[in-house]
Structure formats: structure tokens, C-alpha cells
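J.: Going line by line, the protein sequences match chains L, V and A. Under numbering that gives the first Met the number 0, the residue at position 196 of the first sequence is numbered 195, and the numbers go up by one with no gaps. Under numbering that gives the first Met the number 0, the residue at position 13 of the second sequence is numbered 12, and the numbers go up by one with no gaps. Under numbering that gives the first Met the number 0, the residue at position 52 of the third sequence is numbered 51, and the numbers go up by one with no gaps.
Hints may contain errors.
To be verified - Pair ranges (Cβ atoms, derived):
#  : chain 1 : residue 1 : chain 2 : residue 2 : range
1  : V       : 383       : L       : 114       : 53 to 61 Å
2  : A       : 278       : V       : 153       : 51 to 59 Å
3  : L       : 122       : A       : 91        : 47 to 55 Å
4  : V       : 281       : L       : 106       : 54 to 62 Å
5  : A       : 137       : V       : 190       : 22 to 30 Å
6  : L       : 152       : A       : 60        : 39 to 47 Å
7  : A       : 178       : L       : 205       : 51 to 59 Å
8  : L       : 204       : A       : 91        : 30 to 38 Å
9  : L       : 114       : V       : 153       : 50 to 58 Å
10 : L       : 165       : A       : 114       : 39 to 47 Å
What the hints assert, rightly or not - In the DMTMM-like style, the derived pairs of lysine to aspartate or glutamate whose C-alpha atoms are separated by at most 20 Å in a straight line are:
#  : chain 1 : residue 1 : chain 2 : residue 2
11 : V       : 66        : V       : 88
12 : V       : 211       : A       : 125
13 : V       : 55        : V       : 21
14 : V       : 66        : L       : 296
15 : V       : 289       : V       : 384
16 : V       : 285       : V       : 342
17 : V       : 239       : A       : 130
18 : V       : 331       : V       : 371
19 : V       : 377       : V       : 190
20 : V       : 239       : V       : 212
21 : V       : 113       : L       : 50
22 : V       : 393       : L       : 155
23 : V       : 211       : A       : 261
24 : V       : 113       : V       : 88
25 : V       : 113       : V       : 371
26 : V       : 113       : L       : 296
27 : V       : 337       : V       : 384
28 : V       : 377       : V       : 280
29 : V       : 211       : V       : 190
30 : V       : 44        : V       : 286
31 : V       : 113       : L       : 155
32 : V       : 178       : L       : 155
33 : V       : 178       : A       : 261
34 : V       : 373       : V       : 278
35 : V       : 24        : L       : 50
36 : V       : 239       : A       : 261
37 : V       : 158       : V       : 182
38 : V       : 369       : V       : 384
39 : V       : 66        : L       : 155
It is worth saying that the hints were derived from the structure and are not from the lab. All C-beta atoms in this analysis are idealised placements derived from N, C-alpha and C, irrespective of residue type, glycine included.
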Amino acid sequence: MAADSLAPTVAAALPQARERAARFLAARHRLRPIEALPWLIALAAFFIFPDRMMLGSQALIMILFALSLDLILGFAGIVTLGHAAFFGIGAYTAGLLITRLQWTEPITGLLAAAACAAVAGVLSGWILLRYRGLALLVLTLSTTIMLQEIGNLVPDFTGGYDGIPGVVPAPLLGRFEYDLYGHTYYLYALVVLFLLFFLARRIVYSPFGRALAGIRENVARMHALGSPVHWRLVTAYAIAAAIAGIAGALFAQTNGFVTLGVFDFERSAGVLMMLILGGTGWLYGAFIGAVLYMVLENRLSAVSPEFWQFGLGFVLVAVVLLVRRPRWDWVKLWRRVVART
Amino acid sequence: MKFSAALAAALALGFTAAASADTIKVGVVLPYSGVNAALGNQIDKAFDLYLKLHAKDLGDHKIELVKRDEGPPSGANARTVVTELVTNDRAKIVTGFVFSPSAIAAAPLATQAKVPMLIANAGTAWITNLSPYIVRFSFSMWSPAYPMGTYAAKDLGCKTAAAGYTDFPPGQDSVLAFKTAYEKAGGKVVDEVRMGNPAQVPDFTPFFQRVKDEHPDCFYVFVPSGAHAAGVMKTYGELKMREAGVKLIGPMDLIPDYELARMSDAAVGLIVMGHYADDYDNPANKDFIKEWHAAYGPDSYPDFMSAAGWDTMAAIFHAVQALNGNLDDGTKVVDTLKGWSTDGPRGHIAVDPQTRDVVQAEHAEEVVKKADGKLGVKVLATFPDVKDECKVLKVGRCGQ
Amino acid sequence: MANTAISILFDGVAYAMFLFIVSVGLSVTMGLMGFVNLAHGAFAMAGGYLVVTATQSFGVPFPLALVIAAVAIGAVSILFERTLYAGLYGASELDQVLMTIGLTFMVIAAITYFYGPLPEHVRMPDYLTGEINLGFRSFPTYRVFIIVIGAVLVAVLWYGFERTSLGAKIRAAVDNHRMAQSIGIDVARLFRISFALGSGLAALGGGLAIQLFGLTPSFAILYLVFFLLVVAVGGSGTLWGTLIAALVLGICDTAGKYLYADAGGFFIYAVAVAILLIKPAGLYGRG
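Okay, chain L solo, but in the shape it has when bound (with noise of 0.2 Å):
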């Protein structure tokens, strides 16, 4: 009968479909030469700039942590205003190894940091990624201002909001001095960010990563299929918080000390201005947002610190209605008003 002799036919296709679905996906997220862009910038600002590398290592170091925000925002559709609070786990993580258990290694300590983040994200993430809308942004938030309200409960240990001094770490690899113009510091940052940013883009790009897709534009066909949403979201939860303690562990080693600040709800709302500026969801977000927002930041808030603050707010009403909701029919409403007239 037919079905007895479509079973073999359809076995055989099996594998050829596979290999052409392998094939598809790896020509939609081969590597093109614009790619290579961001890093040519990156290396020709270090000779550009020699005496501005201190602030470009803090950008390498936002970008790697709006990259981390990308993971879950971009590609998971998770919402969350405590974003902060792995950085400040990996921050602490680090600094608390220098200061306190002498272990002055830094890439170690990046590890550490990563190892400790991703706990709490798979922890905080079993248990909150059950919640959505208004719940998810509210816990997201109270549970990161708990750990900073614990941290400061245990001053001699946190250092409270004046922080830890001296995480100095060892020379990099055993040879790299850190000189004072912030030289080595920057091209750390830049080839941990490099390296990142390749297993995140080979993350998104995966089966793992196209089924994140799926749960972000539908969650309920995604439990149709069969697939593990939950555990799927827990996953992409931790490995973002293990990007976003390695970007704080960075931040700790660069800044030679650590403090409360580091939870800020400012830092958390912050990242998430940086990554809608530059565009959710490709990646490439990370890095035109973060730097766009540091020169507006810096350029706005030169005029006056109002000025800033009220730029920064038009820009993101704007890039709402006009860029991310382009249904929004500016010519529409104003006809209806001047009909209305």
C-alpha cells in the first residue's frame, strides 16, 4: 500500500533534508566581510585614541554586558529590570577573590565570575521565568535591589556603597602589566568580548537558539511542538547571566575596586536603553547601542545634565513610536485633528 511504500521513501529523504536545512541555516549565518567591521573600529581606536583607552575599555565592557541583555531580550523575549544584579555577582565574585582569598589571576577570575552568575541565573531563572508581564518586571527588579539591600546589611564583608579597594589583579597570562593609560586593560576587554561575542553568535544561530525564536513569537505552539520551554529559557537565562558576570568581573578588574553601585536599578534600566537604541535581536545592537549611548551621554550632558536626561527620554519615545512601531501613522492623526477642526 502507499503507506508501506512511502515509509522508505521518507526515510531516505530524512537525512537529505536534514543536510539541506543545515545547509540553509549555515548560509544565512555565515560570516560576511561587514562582520569584521566593529573589530577593524575596535583595533584603529586603540592607535587612534592611545590616551582614551580607559574609556574604551568601560565601552567594550557596557557592549559585552548589552550583548548578554541581546541573549535573553533580543532572542528569548524575556523582559527583566534586573539585569544588574549578575553583573554585580560577577563584579563581586572577582573582587571578593582578589581582596579576600589572594587569587590575583584574572582569567580565572572571569571564569569564577561566569561559574558563580550562571548559578544565580539558573536559580533566579527556575524560578522567575515561570512569571511574565508586569509579575516578571517586578520581581526581576525587587529581588535585585534585595541583593543589594543584603549586601549592605553585611558591610564588612561588601564593603557597602564605598566598596572594596585594591582588586588589582596579577599581570595578564603572567606578563602583561597593566600601565596607566589603560592600555592592556582595553585590549583584554576587547578579546574577551571577541570571543564572546563568536560563541553568542554560534549560540543564536543554533537549533537552541532558532527554538528561543519560536517561544518568543509563540510560546503556545512552542509547548505544541513539544519543546522544553521552560528548561530552553532557564538555559538561555543562565548563559546570558554568565556573559553579564563576565562583563562585571571586567568592570571590577579594570576599576581596581567594587561597590554596591554595581546593583543600581540605573545600571539594570540603563543596558536596556543601550540595547533598544542600537536595535534588539541582531546582535550588532550591543555595540552601536552602547557607544551611541555613551556619546550622547556624553556629548548631551556637556550642555546641561537636564538636557541629557530629556534627549535620552525623547530619543527612546521616539525610537518606540517611529522606529519600533512604524504602524504608529503620524499623517493619519494629524488629518483626523485637522478634519475634527
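Starting from the known structure of chain L, arrange chains V and A on it as the hints suggest.
T.: Relative to chain L, chains V and A alone:
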């Protein structure tokens, strides 16, 4: 050969030209953005005013202020900003620093770059121990709090006291200093109440109600000046704590000069320990106030931060004059400032050569209604030449 | 001991009434359209500054200034609703969060520009200062005033919600948005009305808060977290949920600060998180 000789000559010429151009760059690190811009503004105005009035005293030399944003109170920006001031702008001195975390974050750079770091506000006691290039002209959290402890026990007759503080290092320091002196003088602290961190809502009612129910003779309160200070006076008045026999005392942060005029009569009778108020009656302060109003209008008031900013700029001028404009050697700059003294708006102040921290008089002041109906302060007693007792007694990190 | 309990209860209820007055509008608009409006705190703050200007510059009596602020902000909010909010119904919560936080920044910046960053005060009329003796003990008059206003509003809102056709429509739309629309209820219009009402109440709350906490431009962000906590814990779109949540959080916060000052700031979050973990849609929420 000829070419390289010419090059060397040109280079040498370039260098001498640079040395005789004699514009000395001073890096200023103050909060210019966000909600704390108002604090930075108080010091910034003092710097500009001093520079404007005294530029002629420098002869051929010129001071150029390179201003950079200190950023948030967490100090996250400070290291980047100070690095750029030193590497990119070639500042010979960095000054400012409203928030202690900023100063703590930037201290290793001062050591590494051998650039003097002159602190115009940040008050965490142990900051001066972090680098031999740090000199502080403002105060230590201990400067007003420690004499207040002695004064409360001996002169105000407080047998018991409660302490309430905003739970961050300045608050912790201030209460520790008060308690140390107060108990040494025979008083007893019955309760220490943490009143939330500085980012929290300034709602003090539950805390004050708790203290009111404990009936101490005195209630020592530390909160950051600004919104919190106004909240303290409101709650104290509303809960009728004075009528219940609880005296409110504290450091001068409770009555910022720009707030005092707007505070209600609940503040009358409040006793604070401080080293500056607009009402101080000394010639330097009279001039200072006059010039300030002339420059910034009658509605702008200088406060203790402005006074410290003024003295800091005076110290920079002293260093430029003493070293004839050559500030390349940071060690020499710090050496000329050790033991330096001046008569500024705060009265006589000096720099302790051992600790590089300021030595100044502290005054017990009572809030009174002046003849014109406005609130002002009246000095009740003076503690001359107060050093940072935290370092004298080697408490905690101060001993390191 | 009993006196302590009464103090805590009294201060807690006064704080809760402030939270309720500001949050109830936020809750209803969120329940109706699922709109996450983070600019709600900015409306409350703008109301507070209007009260300051009305009383200081024009000598308007304080209670009248409260009414003026509520009406003015309610009216202005319709303008915002038409131009900025209308395009975002049904948009992702991320877009709503971003647009409204952007709006909040603009309001904060504008207010800082005109009023400066220092705390503002209002001069209270004499009959609102001092204490009222209720026989067994005396209470600060101003807090009694807030509690009375809160109680009156609860009664009025209860009547509006439960006894008028407008209230019935709102409840229907909160329960089932689509079904309400299909039987001919104009949900967008309901939203507009409750948005204006809610913003007006927020402005009233902002005006009342000046004497409690002082008013600075950071008000819009500082207190927003608490309004969101109340709405989330109560369940969006419910009057009783908002009231109960405000009472629970207000009293827990006050009690925590009074009894365990060391961990004072911690309590309100811990309570909220605990409730949300058990009831993610809030105490009275559905879903």
C-alpha cells in the same frame, strides 16, 4: 646625522616652549550630571569664583580648569575620568571628588601617576591613607561627629542618646565617631537605628516613632543633606518629639545653608556641630559671602562644600606660587601643602603634615530665628584644631 | 506595647492610603488594556509641583490646590493618551515600558529645569498641622487628613465600580477584554476615562505626598517601584486588590522599619516577592 640633530633640537625647543607656556591644567572631578549635579555645582561655583578673583595673584602663570563629570555616587566613572585627566589632558593636579567611592576608586591612580589628588569634599575617614598623594581640605566624617559626642554628654546633659543614620559609609562613620566620643564622656547609646540606604524613600516616621518611644535625652541623626534633611525636620516636628523631651542633634548636614531659609520653625533650637555656616562672623567669610552673592545672585547660598572648595583652590594657588609654576613633581606639590594653613571662610584651617588631612575648628551651633525673621545659627561653643580622631585612635581601616 | 501597635497601624494605614490613591488608577488602566504605564509616577510628581506653584505663587489654599492639580493633570493626561499612548495598545510590554520611561525622563528633566533639584515644600494651613486628640491618644492631624481622604475615595470608587453602569463595563472589560468589545462596550473609551481619572488621582496623591516626604524631581522614579509593587501584588484592574495590597505593603513596611530597623528597607520587597511567587497574578487577579 644632520637631520636627527635638527630633530633633537626641535624637540628640545618644543619641550622648553611647553614648559614656559605656563598654563597649568587642573583636573576637576565633580558631579555635573544627574540628581547630584546640584552638589557639584556648589563646589564648582567656589572654584570659579576663587579663580576669577585671584587670577592676578599668579603673575605669569595661568590655571586652566579641565572639568569632568564624576558620574553616579557609586564612583563607577571616577577611575576612567581621572585616567583621562592624567593621560589625555596632562593635568598636574586633580581635585574635586564629592563622593567617597570616587576618591577611593581614583586613589591608586594618584599613586601610580604621582599626581596630587586634592579632595574638596569626600569625607570617609580613611581615604587619606590610600595614597601619599592625597591631601584633604574638606573634613572627615569624624570631624564634626566626634566633638558632638563629647559636647552632648558634657554640655547638653544628655545621659542617654539614640542614633539614627542613613545606612551607608558616611552614616556608619558618623555614628561610630559620635558613639566613641559620647561613651568615652560617660553617655549611654540606647539604640542605633539604620534608616535605609541613600537611594531609598526619605520616609522617617517609623524610625522616629521608635526612637520617640524609647525616650532618650538626645537623638543624634545623620542623613545626607538635601531631600533627606528636609524630611528629618518635618518628621521631628510632626511627631512632637521636642515636646516629648527628645533633643535632636547632629552634624551640620542637617541644616544645609540653602535649605535653612526654607525650613519651618520646627528647626529652631536644633543643635548641630559644624565647621561652616553662612552666618560665621570672620572677615574672610564676610568677603566670601559678599563676592558669592555678587557673582551668583542673592538667592544662591554657599555651603560647607563651597567653603571647602574655596580653600582647596587657595591651596592650589599656594602650590603654584611656592613652586613658581613648576608642578611636574607631584611629591613636591604635596610637600608644600603639608603644614600649609590659611584663614578662609571657615576660619583658620591647616593641613596635618602627618596625615595630610585638614585640621579645623568645629562649632556647636544652635538654630535661631534672626532679627529679620529668617533662620540662622548662633555659635554656642568652639572646639579648636580638631584632627581626625579616627586616625588618632586608629579605628578600623583608619589604622591601616 | 498596645501603644506601639497603634502607632505602627496608624502610620502604616496613612502610608497605605497614599499608595492606594496613586496606584488605583495605574491598576485599572493596566487591567483594562494591559498597558504598563511607567509614567504614572511622573503624573503624580507633576501634580505635586502644580500644588507647590498654586500655593506658593498664587496663594491658593492647600485643599483647593489639590483639586486643581488633580483636574489639571487629569485633563492633560487625555492629551498624552491621544497622542502617545493610543498607538501602543496591544504593543509588546517592552515598547510600552520604553515609551513611558522615556516620557518620565522628559518630565523629570523639564521639572528639574524649572524648579531645580532641591526639595520643595508647601506651607500647610493651620488646621492641618498639629495633633488631633481622639480621646485615648492623639494623632498627627495631617495623617488623619490623608486617611480620611483615602477612605472617602474608597467609598466613592466602590460606588462607581459596583453600582454604576460605567463601573460594570470596566469590570467586564477587565475580566474579558474581547467579550466586552463584542457585546458593544467601547473599551478604548473606558480606557481613556479611567486613564484620565487615574492620572488625576495620582496627581492628588503627589500633592498629598509633599508634606510627608518632601518633593524632588526624583520622586517619579523613587516611588514608582512601590506603585508597581502595589499593582502587581493586588492584581491589576481590581479595586479591592489594590486596596488590600496597599494596606498589606504599607503596614508591613512601617512595621518592618519600626521593629527591625536593621533590615527595614528589605521588608516591603520580601513580602511582595513572597506573595507574587505564590499568586503571580496578584491577590485578586485572574489568570
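J.: The structure should be examined with respect to each hint, and the outcome stated for every one.
T.: Against the structure, the hints:
Between residue 383 of chain V and residue 114 of chain L, the C-beta spacing of about 56 Å keeps the proposed range 53 to 61 Å intact. Separation of residue 278 of chain A from residue 153 of chain V is about 57 Å and conforms to the stated range, judged on CB atoms against 51 to 59 Å. Hint check: residue 122 of chain L to residue 91 of chain A, Cβ distance near 27 Å, so the stated range 47 to 55 Å is violated. Look at residue 281 of chain V against residue 106 of chain L: about 58 Å separates their beta carbons, and that is inside 54 to 62 Å.
Between residue 137 of chain A and residue 190 of chain V the beta carbon distance is about 24 Å. The supplied range of 22 to 30 Å therefore holds. For the pair residue 152 of chain L and residue 60 of chain A, the supplied restraint of 39 to 47 Å holds, since their beta-carbon distance comes to about 45 Å. Checked against the given bound of 51 to 59 Å, the beta carbons of residue 178 of chain A and residue 205 of chain L, roughly 42 Å apart, lie outside it. Against the hinted window of 30 to 38 Å, the Cβ-Cβ separation of residue 204 of chain L and residue 91 of chain A comes to about 23 Å, which falls outside the hint.
With their beta carbons about 56 Å apart, residue 114 of chain L and residue 153 of chain V fall inside the hinted range of 50 to 58 Å. At about 42 Å, the CB distance of residue 165 of chain L to residue 114 of chain A agrees with the hint of 39 to 47 Å. Proposed proximity of residue 66 of chain V and residue 88 of chain V is supported: the alpha carbons are some 10 Å apart, at most 20 Å. Distance check on the hinted pair: residue 211 of chain V and residue 125 of chain A sit about 24 Å apart at the alpha-carbon level, beyond 20 Å; violated.
For a cut-off of 20 Å, the pair hint linking residue 55 of chain V to residue 21 of chain V stands: about 14 Å separates their Cα positions. Annotation: proposed proximity of residue 66 of chain V to residue 296 of chain L holds, straight-line Cα distance about 15 Å (limit 20 Å). A threshold of 20 Å between alpha carbons decides the hint, and for residue 289 of chain V with residue 384 of chain V the separation of about 27 Å lies outside it, so the pair is violated. The hinted pair formed by residue 285 of chain V and residue 342 of chain V meets the criterion: a straight-line CA distance of about 12 Å does not exceed 20 Å.
Using a Cα cut-off of 20 Å, the hinted pair residue 239 of chain V and residue 130 of chain A holds, with the two alpha carbons roughly 9 Å apart. Of the supplied pair hints, the one linking residue 331 of chain V and residue 371 of chain V is violated, its CA atoms being roughly 49 Å apart against a limit of 20 Å. With a CA separation close to 29 Å, the supplied pair residue 377 of chain V and residue 190 of chain V exceeds the 20 Å bound. As the CA atoms of residue 239 of chain V and residue 212 of chain V are separated by approximately 12 Å, the hinted pair is consistent with the 20 Å bound.
The suggested pairing of residue 113 of chain V with residue 50 of chain L holds, with an alpha-carbon distance near 17 Å, which does not exceed 20 Å. Distance check on the hinted pair: residue 393 of chain V and residue 155 of chain L sit about 17 Å apart at the alpha-carbon level, within 20 Å; holds. Simply put, residue 211 of chain V and residue 261 of chain A have alpha-carbon atoms about 17 Å apart, close enough for the 20 Å limit, and the pair holds. Annotation: proposed proximity of residue 113 of chain V to residue 88 of chain V holds, straight-line Cα distance about 15 Å (limit 20 Å).
At roughly 51 Å between alpha-carbon atoms, residue 113 of chain V and residue 371 of chain V are farther apart than 20 Å, so this suggested pair is violated. Note on residue 113 of chain V and residue 296 of chain L: the hinted pairing is violated, with a Cα-Cα distance of about 30 Å set against a maximum of 20 Å. Of the pairs offered as hints, the one joining residue 337 of chain V and residue 384 of chain V holds, with about 15 Å between alpha carbons and a cut-off of 20 Å not exceeded. For the proposed pair residue 377 of chain V and residue 280 of chain V, the alpha carbon gap of about 10 Å is at most 20 Å, so the pair holds.
The suggested pairing of residue 211 of chain V with residue 190 of chain V holds, with an alpha-carbon distance near 11 Å, which does not exceed 20 Å. Only pairs whose Cα atoms come within 20 Å are accepted, and residue 44 of chain V paired with residue 286 of chain V is accepted, the gap being roughly 15 Å. Distance check on the hinted pair: residue 113 of chain V and residue 155 of chain L sit about 30 Å apart at the alpha-carbon level, beyond 20 Å; violated. Taken as a hint, the residue 178 of chain V and residue 155 of chain L pair is honoured in the structure, with Cα atoms around 19 Å apart against an allowance of 20 Å.
Between residue 178 of chain V and residue 261 of chain A, the direct Cα distance comes to roughly 18 Å. Compliance with the 20 Å bound is thereby established for this hinted pair. Distance check on the hinted pair: residue 373 of chain V and residue 278 of chain V sit about 12 Å apart at the alpha-carbon level, within 20 Å; holds. With a C-alpha separation of about 16 Å, the suggested pairing of residue 24 of chain V with residue 50 of chain L holds against the 20 Å cut-off. For a cut-off of 20 Å, the pair hint linking residue 239 of chain V to residue 261 of chain A is broken: about 24 Å separates their Cα positions.
With a C-alpha separation of about 10 Å, the suggested pairing of residue 158 of chain V with residue 182 of chain V holds against the 20 Å cut-off. Of the supplied pair hints, the one linking residue 369 of chain V and residue 384 of chain V is violated, its CA atoms being roughly 28 Å apart against a limit of 20 Å. Of the pairs offered as hints, the one joining residue 66 of chain V and residue 155 of chain L is violated, with about 34 Å between alpha carbons and a cut-off of 20 Å exceeded.
In this structure, the earlier hints numbered 3, 7, 8, 12, 15, 18, 19, 25, 26, 31, 36, 38, 39 are contradicted, and the remaining ones agree with it.
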